[in-house]
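Protein chains in written order, with the numbering used here: chain P, 1 to 333; chain L, 1 to 333.
Since the hints were derived computationally from the structure, they do not count as laboratory data. Do not rely on the hints blindly, as some may be mistaken.
Residues from chain P that face chain L, not an exhaustive set, calculated with beta carbons under 10 Å [what the hints assert, rightly or not]:
#1 Val18
#2 Asp33
#3 Ala35
#4 Ile39
#5 Thr47
#6 Ala48
#7 Asp50
#8 Val53
#9 Gln130
#10 Cys184
#11 Val188
#12 Glu190
#13 Ala218
#14 Met233
#15 Gly237
#16 Gly239
Idealized CB from N, CA, C, for every residue including glycine.
Number of protein chains: 2
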Amino acid sequence: MRISLLGERELIKKIAAVVGGVNDREAVGIGDDAALTRISAGYWLVTAKDMLVEGVHFLLPQTAPADLGYKSLAVNLSDLAAMGARPKNAFVALALHPETDSEFVLDFFRGMKELAMQFDVAISGGDLVQSPGPLAVSVTVQGEVLREKALLRSGGLPGDVLCTTGPWGASAAGLLLLRENYNCPEDVREAALQAHFRPRPRVEEALWLAKSGAVRAAIDLSDGPLKDILEIMDASGCGAQFFARQIPVHPAAVDVARLAGLEPLELALNGGEDYELLCAVPERIFDGLACEYAARFGTPLYPCGTLTEKKDLEMITGGGKREKISFTGYRHF
Amino acid sequence: MRISLLGERELIKKIAAVVGGVNDREAVGIGDDAALTRISAGYWLVTAKDMLVEGVHFLLPQTAPADLGYKSLAVNLSDLAAMGARPKNAFVALALHPETDSEFVLDFFRGMKELAMQFDVAISGGDLVQSPGPLAVSVTVQGEVLREKALLRSGGLPGDVLCTTGPWGASAAGLLLLRENYNCPEDVREAALQAHFRPRPRVEEALWLAKSGAVRAAIDLSDGPLKDILEIMDASGCGAQFFARQIPVHPAAVDVARLAGLEPLELALNGGEDYELLCAVPERIFDGLACEYAARFGTPLYPCGTLTEKKDLEMITGGGKREKISFTGYRHF
Numbered sequence: 001m002r003i004s005l006l007g008e009r010e011l012i013k014k015i016a017a018v019v020g021g022v023n024d025r026e027a028v029g030i031g032d033d034a035a036l037t038r039i040s041a042g043y044w045l046v047t048a049k050d051m052l053v054e055g056v057h058f059l060l061p062q063t064a065p066a067d068l069g070y071k072s073l074a075v076n077l078s079d080l081a082a083m084g085a086r087p088k089n090a091f092v093a094l095a096l097h098p099e100t101d102s103e104f105v106l107d108f109f110r111g112m113k114e115l116a117m118q119f120d121v122a123i124s125g126g127d128l129v130q131s132p133g134p135l136a137v138s139v140t141v142q143g144e145v146l147r148e149k150a151l152l153r154s155g156g157l158p159g160d161v162l163c164t165t166g167p168w169g170a171s172a173a174g175l176l177l178l179r180e181n182y183n184c185p186e187d188v189r190e191a192a193l194q195a196h197f198r199p200r201p202r203v204e205e206a207l208w209l210a211k212s213g214a215v216r217a218a219i220d221l222s223d224g225p226l227k228d229i230l231e232i233m234d235a236s237g238c239g240a241q242f243f244a245r246q247i248p249v250h251p252a253a254v255d256v257a258r259l260a261g262l263e264p265l266e267l268a269l270n271g272g273e274d275y276e277l278l279c280a281v282p283e284r285i286f287d288g289l290a291c292e293y294a295a296r297f298g299t300p301l302y303p304c305g306t307l308t309e310k311k312d313l314e315m316i317t318g319g320g321k322r323e324k325i326s327f328t329g330y331r332h333f
Numbered sequence: 001m002r003i004s005l006l007g008e009r010e011l012i013k014k015i016a017a018v019v020g021g022v023n024d025r026e027a028v029g030i031g032d033d034a035a036l037t038r039i040s041a042g043y044w045l046v047t048a049k050d051m052l053v054e055g056v057h058f059l060l061p062q063t064a065p066a067d068l069g070y071k072s073l074a075v076n077l078s079d080l081a082a083m084g085a086r087p088k089n090a091f092v093a094l095a096l097h098p099e100t101d102s103e104f105v106l107d108f109f110r111g112m113k114e115l116a117m118q119f120d121v122a123i124s125g126g127d128l129v130q131s132p133g134p135l136a137v138s139v140t141v142q143g144e145v146l147r148e149k150a151l152l153r154s155g156g157l158p159g160d161v162l163c164t165t166g167p168w169g170a171s172a173a174g175l176l177l178l179r180e181n182y183n184c185p186e187d188v189r190e191a192a193l194q195a196h197f198r199p200r201p202r203v204e205e206a207l208w209l210a211k212s213g214a215v216r217a218a219i220d221l222s223d224g225p226l227k228d229i230l231e232i233m234d235a236s237g238c239g240a241q242f243f244a245r246q247i248p249v250h251p252a253a254v255d256v257a258r259l260a261g262l263e264p265l266e267l268a269l270n271g272g273e274d275y276e277l278l279c280a281v282p283e284r285i286f287d288g289l290a291c292e293y294a295a296r297f298g299t300p301l302y303p304c305g306t307l308t309e310k311k312d313l314e315m316i317t318g319g320g321k322r323e324k325i326s327f328t329g330y331r332h333f
């Protein structure tokens, strides 16, 4: 049924039934002027807020509403992970065309709930408004962290190992497949689209890394590694080098880049939306940390570069050549 | 300069300069993956999130960017006031057309900062994204409250006095003046437009009322009193009566309604966006509370109705007649 026929109150009731209540008996979620939630004693509040707009961040109908709900939460959980925080509550505002079908909205929340349940996140409130324009999704996520364990972008030092929690480029490969009709093997297509539509925020990995105390600086990879590293460089007052041979390029990115006539490494470095963590770890403890990490999560903590005194961003090529690189990642405007 | 020329990083730097830092030396505001803020020990977190869309909630260029920034925060602070909470941090996401002038964005934040400073609220983060569509503003505000002092919509009981913190209808009068070219005295126009563009959230009044422990249920008036009272009725499981002669109709609403050929009372009851509080207070303590309130704030706490056993909404007219009323307030879609 069109939401303009169903009405706001009925739609909110149906959404509340999909997302369920808050996790805490005394808390107040959907249905009052504001939500009332608890923060653990001694913890600090961590808040991230990301917006996604139809035609800019996603296309309809290529994107299934459940995938959109999932991803809108995932990108925010990834921001919290980059702070080393445990997510607790999500708030969702949607600007909807009055002709939108209510099932679209409910599927959106079903997809979001699927991810929320994995990390025990409550969907606790928000806003539904009318818009004549593109669908806009604004999500705010709150979590908690011990102040001294928070992972910031600042704090990295020259000599620190740059490492990442997973391979890069698969999401960008998925975006290429959506744009062009390549003759792509089905398993590659599936892996790339999964990475694009349902990125897995590194929540548990981040909590473990934060608890280890070994990480000096961290960011999540959203705009492309070559842009995101600039934020760590800026905040930490360092330069950085990536080692071309160590960059973990996702196999799907390798295959799709070839179909598209691109360098796989270019796709991985500029693509964006990987939502892996990029961390700076002191060199002398990196090996031990990576070993424990691999034992705990069954995947490597990939070393891929180093922070430097000199404030440039350089690529060390396979042959050992230094190349100064300049940013070509995603620009918001 | 157009924001597409200035770029996101430069624009964020300029915004950060306008809004200033967080209020707390250890806190982290704009410039990391997420914000890191403190909640006072023993307090619960209160979160409100409202979205405003160009063409639906405001018109450009009729609305000055500073007024838009002010109001986007005001409506969220009003939600927190309706919970009896002290506001602490605001987060702002904007979906902007790439042709937007950066001065528009900075004026938006100047207006918001003006209000934020009045209540010691820090603008601590958010998101800037591109959109081909109308300007969309999403604001999230966080505050804190002692759990047992929180004002909810539930808790009202039959016999409770319904009272409000200020007169109704001035904002709706302002909207009428924006839509039609009435020959309106300048002082009336000014009062109506001020109410429409710069509503004053009842933050201090709400904190005082919450502390008093006298309020059983509360809501802020955003969609129009006849719609908003339904939320208290629903949540409290009561009906309600308004007393036509006691409804505090704003003088500007009286004047503009006459120019427009409307009943002033209709405008006040259906108009919306007054952002006054509507509270349910036990009858036997109302007079004492109203007296203290007036002494403290220099304005009355207007009694205007009562909660009832019977689950209807009625209007008691001047002649003592009962009229069942049905909702005609604002529909979001």
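Okay, the hints, checked on the actual structure:
1. Val18: The hint is violated - valine 18 of chain P has no Cβ within 10 Å of chain L, the shortest such distance being about 18 Å.
2. Asp33: With Cβ-Cβ at 4 Å, under 10 Å, it holds.
3. Ala35: 5 Å, holds
4. Ile39: Since chain L brings a Cβ to about 5 Å from isoleucine 39 of chain P, closer than 10 Å, the hint holds.
5. Thr47: The hint holds - threonine 47 of chain P has a Cβ within 10 Å of chain L, the shortest such distance being about 5 Å.
6. Ala48: Because about 4 Å separates alanine 48 of chain P from the closest Cβ in chain L, which is inside the 10 Å limit, the hint holds.
7. Asp50: At 5 Å from the nearest chain L Cβ, aspartate 50 of chain P passes the 10 Å test, so the hint holds.
8. Val53: With a minimum Cβ separation of about 4 Å from chain L (threshold 10 Å), the hint on valine 53 of chain P holds.
9. Gln130: 4 Å, holds
10. Cys184: Since the shortest Cβ distance to chain L is 29 Å, the answer is violated.
11. Val188: 30 Å, violated
12. Glu190: Hint on glutamate 190 of chain P: violated, closest Cβ of chain L at ~29 Å, above 10 Å.
13. Ala218: 8 Å, holds
14. Met233: Where the cut-off is 10 Å and the nearest Cβ of chain L is about 12 Å from methionine 233 of chain P, the hint is violated.
15. Gly237: It is violated, given that the least Cβ distance between glycine 237 of chain P and chain L is near 14 Å, above 10 Å.
16. Gly239: Violated - the Cβ of glycine 239 of chain P stays beyond 10 Å from chain L, reaching only about 17 Å at its closest.
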